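Trainee: Read off the chains here:
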Amino acid sequence: MSAEEIVFDQLQETLYYEQLPNGLDVYVLPKQGFNKTYATFTTKYGSIDNHFVSHQGEEIKVPDGIAHFLEHKMFEEDEGDVFNEFSQYGAQANAFTSFDMTAYLFSCTDHVKKNLSTLLNFVQNPYFTDQNVEKEKGIIEQEIRMYQDNPDWRVYFGFIEALYHRLPVKVDIAGTVDSIYRINKELLYTCYETFYHPSNMLLFVVGAVQPGEIFDLVKENQAQKSFQPAREIKRLFEQEPDSVAQERHEIELKVDMPKIFMGFKETNVGLNGKEMLKQELSTHILMEMILGPTSNVYEQLMEEGLIDDSFAIDYNLEQKYGFSMIGGNTRHPEKLLQRVKDTLAQVKREGLEKAEFERNRKKKIGHFLKALNSPEFIATQFTRYKFNEIDLFDIIPVLESLRFEDIEQRLAEHVNDDQFAVCIVK
Amino acid sequence: MADQFQSTRVNQIPVHLISTPKYKTNFISVYIRHPLTEEDHTKVALLPSVLKRGTEKYPTAQHVRRVLDDLYGASLSTDVVKRGEEQVVIFRLQVANEKFLTDQEPLFERGIQLLSEIIMRPRLENGVFHPRHVELEKDLLERKLSQIKDDKIRYANKRCTEEMFKEEPYRLFAYGSKEQLADITPESLYQFYQRVLSTHPVDLFVVGDLHKEYITEMVDKHFNLPRTEPLDIPRVSVKQEVDEERRVVEKTKISQGKLHIGCRTQTAYVDEDYIALLVFNGLFGGFSHSKLFRHVREKESLAYYVNSSIESHKGFMMIMSGIDFNHYDKTVQIIRQQLQETANGHITDEELNQTKAMLINQIREANDQPFQLMERFFHGIVGGKERGSETLIQDIRQVTKEEIQRVAQKVQIDTIYFLTSEETGDAS
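If you read the protein sequences in the order shown, they are chains W and R. When you line the first sequence up against UniProt numbering, it's residues 1 to 426, in that order. When you line the second sequence up against UniProt numbering, it's residues 1 to 428, in that order.
Bear in mind the hints are in silico, worked out from the structure with no lab data behind them. On a predicted model such as this, the values are computed, not experimentally measured, just so you know. Be aware that a few hints might be false.
Listed below are the simulated DSSO-like cross-link pairs for lysine-lysine, each with C-alpha atoms no more than 27 Å apart in a straight line [what the hints assert, rightly or not]: (1) W/K254 - R/K253; (2) R/K99 - R/K239; (3) W/K426 - R/K57; (4) W/K137 - R/K330; (5) W/K185 - W/K135; (6) R/K253 - W/K170; (7) R/K149 - W/K254; (8) W/K278 - R/K410; (9) R/K178 - W/K426; (10) R/K253 - W/K137; (11) W/K254 - R/K251; (12) W/K370 - W/K386; (13) R/K299 - R/K330; (14) W/K113 - R/K57; (15) W/K426 - W/K386; (16) W/K364 - W/K278; (17) W/K254 - R/K138; (18) W/K114 - R/K22; (19) R/K22 - W/K362; (20) W/K354 - R/K57; (21) W/K254 - R/K158; (22) W/K320 - W/K44; (23) W/K31 - R/K22.
Input sequences plus hints: build the corresponding full structure.
Mentor: Now the structure itself:
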């Protein structure tokens, strides 16, 4: 076997990697003692990739929600439904589309090889007809309406909409009821041919497996198929200004408990590799230090009845965009908004506490270890990081190497009134 | 077997443990059982959050959260669930195994010690729970209960259950009721908790890379509850027949109709045909190859989600779907028809084999998740019948079409609940 062996001593894990001649990256992480095997087959293609140069060299803009629509349609083959095939071998199959990627996956405790072949084969065999595309529209319309009734989803998207002027991250991943009715099989094939080339994809298998057997199977499977030569994918994006699109976005849903999300648009984007990971982790720690569950202000806000345990903090960073996010359910969104703004201003003035930094760093290390019990986490996060040229297992060394000054620097760069926006659902 | 609990007793508490090198963290849970009653259910719901708010040693929630962070981001969560007509409080603690850290603190012992302080040494004032803590948690619970209406699927689920079990304790919501919150005082809650600690059944679970002797030693050292005569919780009654099918329509501001159908399965966890019921549910609405998914979603494009699930102890099955307001009649008709088809024995070998394979897979996958393993074992405690994973798998394999047909014939629709838009006319 010619796969590269990557050993992580402290974590007691060994990862196997090989790039196949068609460009597909294959990773296998055996987990001793586990019953379950989990595999993801992911393309670096998500909802934001709606404007690109197609595999035939034409510039094209496609309807919103098409990556997600394509994900739904991949499960249908000439012979029928792929779920059916997975369930015969006891595998639970699924897929998801995010802003940046589309992942197909299964988990099983038996017949791993059979299920893995099914995964490779159905994702590499598009079957779209006018009729099956039409049929899907009703189903996806109901999916969109389901999310419209979900206030948590509405406040999340409302917030991103407030941040962005033009970047398609502001558009719902599933599109709109109008946009999905403009999708047809020709457009689906164009997207498929452009983005589902093996060189734009990554296969990750984790669990009760022998790496050698997995590589043999995948290599043989791929060798039997022919692909166009790999070509560079050109994604087109309009210039996105640094400023936020709307400082304030309100949505009327008549909820009993209002919801608020606020935060800062990241202006330092376009990163990859360790630099990106460092920014992600240090900004995360920064926001936790200011407003996380062990901060003084969190306890005060709880005492004042302004927040409950839905109050959370997050930071997302991708190549094209990034933002921090603070919020949750509250009876008094205006008061909470003011208290958070005041807190941020105070920290800007008075600086951060070093003891908070150590505690939050420790917490992040522990959370990462906990996450390593989860094959789902390992496979999907490994893939997401790899698409950004980051190694998931670098998280601990990077966390250990962070200095207090790195966090202070992020405070200066990221916490900036001009990049602040808020969304309130009431 | 690596994934089977061994049970023992320490200080009169049943302790169930698995010693395994599989995980990078160690897992501890404490389950406390209560009969589900109108009188006490809101107190039970309030207890774990009041306890988590502070101990003698860590007097505020912030202190508790800080000590968790210092234990390398240990996580402590609490939950209140219904299991049949019992209300169960669950404390779950997960803490890193120090062998993966440069630091070599004994994290397991510090974790179990913290958990014991939370349960046995709560912060008191004048001999009762701290009034401010009780007040805060009452307010938080009140808000939590108000919010349920905002999550339409959850709300519909709750409403359907309330309507269907009007005359039975099962109607009560695990998180309590707003009306009863007002009357709870630090005194009444503390008195109630003293009764809980001395008489309500407690089970403790540990899964981790630790020796059995070390685990029992730690439990012995840190868990010594003031036990007296244990309370005997009666087994839930499973109602046999539906007198009359009911329909409830409610209107709200909503963009998709939520259809929830409550059924009586007349089969409980302890019954011989419980396994056949599991297979029936999988075949009917548990998976993406199931009858409901194929007919409602794939053939008719009526819904994005449509499924059924069973509650193991009360003989209850819920069918759920999100549909267009105008598709109520059509969807209900297809669901009825599929239920009838199953009761008539229209089951193919393919769907039978798929369902069994999927169920067996679920059981095996859960063997990799300690908190799920604990849940499954606990079902056996509540249900009065231990079903180990290998026995369960063997039993599933042996279920026949005739047995499925027989359990399907016992399933009756009790209540059809539809949450629809204010703007549409009559739902039907």
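Trainee: Now, for every hint given, state plainly whether the structure supports it.
Mentor: Structure-based check of all given hints:
| no. | hint | result |
| --- | --- | --- |
| 1 | W/K254 - R/K253 | holds, 8 Å |
| 2 | R/K99 - R/K239 | violated, 52 Å |
| 3 | W/K426 - R/K57 | violated, 40 Å |
| 4 | W/K137 - R/K330 | holds, 18 Å |
| 5 | W/K185 - W/K135 | holds, 12 Å |
| 6 | R/K253 - W/K170 | holds, 25 Å |
| 7 | R/K149 - W/K254 | holds, 10 Å |
| 8 | W/K278 - R/K410 | violated, 59 Å |
| 9 | R/K178 - W/K426 | holds, 21 Å |
| 10 | R/K253 - W/K137 | holds, 24 Å |
| 11 | W/K254 - R/K251 | holds, 14 Å |
| 12 | W/K370 - W/K386 | holds, 21 Å |
| 13 | R/K299 - R/K330 | holds, 13 Å |
| 14 | W/K113 - R/K57 | violated, 54 Å |
| 15 | W/K426 - W/K386 | violated, 39 Å |
| 16 | W/K364 - W/K278 | holds, 13 Å |
| 17 | W/K254 - R/K138 | holds, 24 Å |
| 18 | W/K114 - R/K22 | holds, 26 Å |
| 19 | R/K22 - W/K362 | holds, 23 Å |
| 20 | W/K354 - R/K57 | holds, 24 Å |
| 21 | W/K254 - R/K158 | holds, 20 Å |
| 22 | W/K320 - W/K44 | holds, 13 Å |
| 23 | W/K31 - R/K22 | holds, 8 Å |
Hints 2, 3, 8, 14 and 15 from the earlier list are contradicted by this structure; the remaining hints agree with it.
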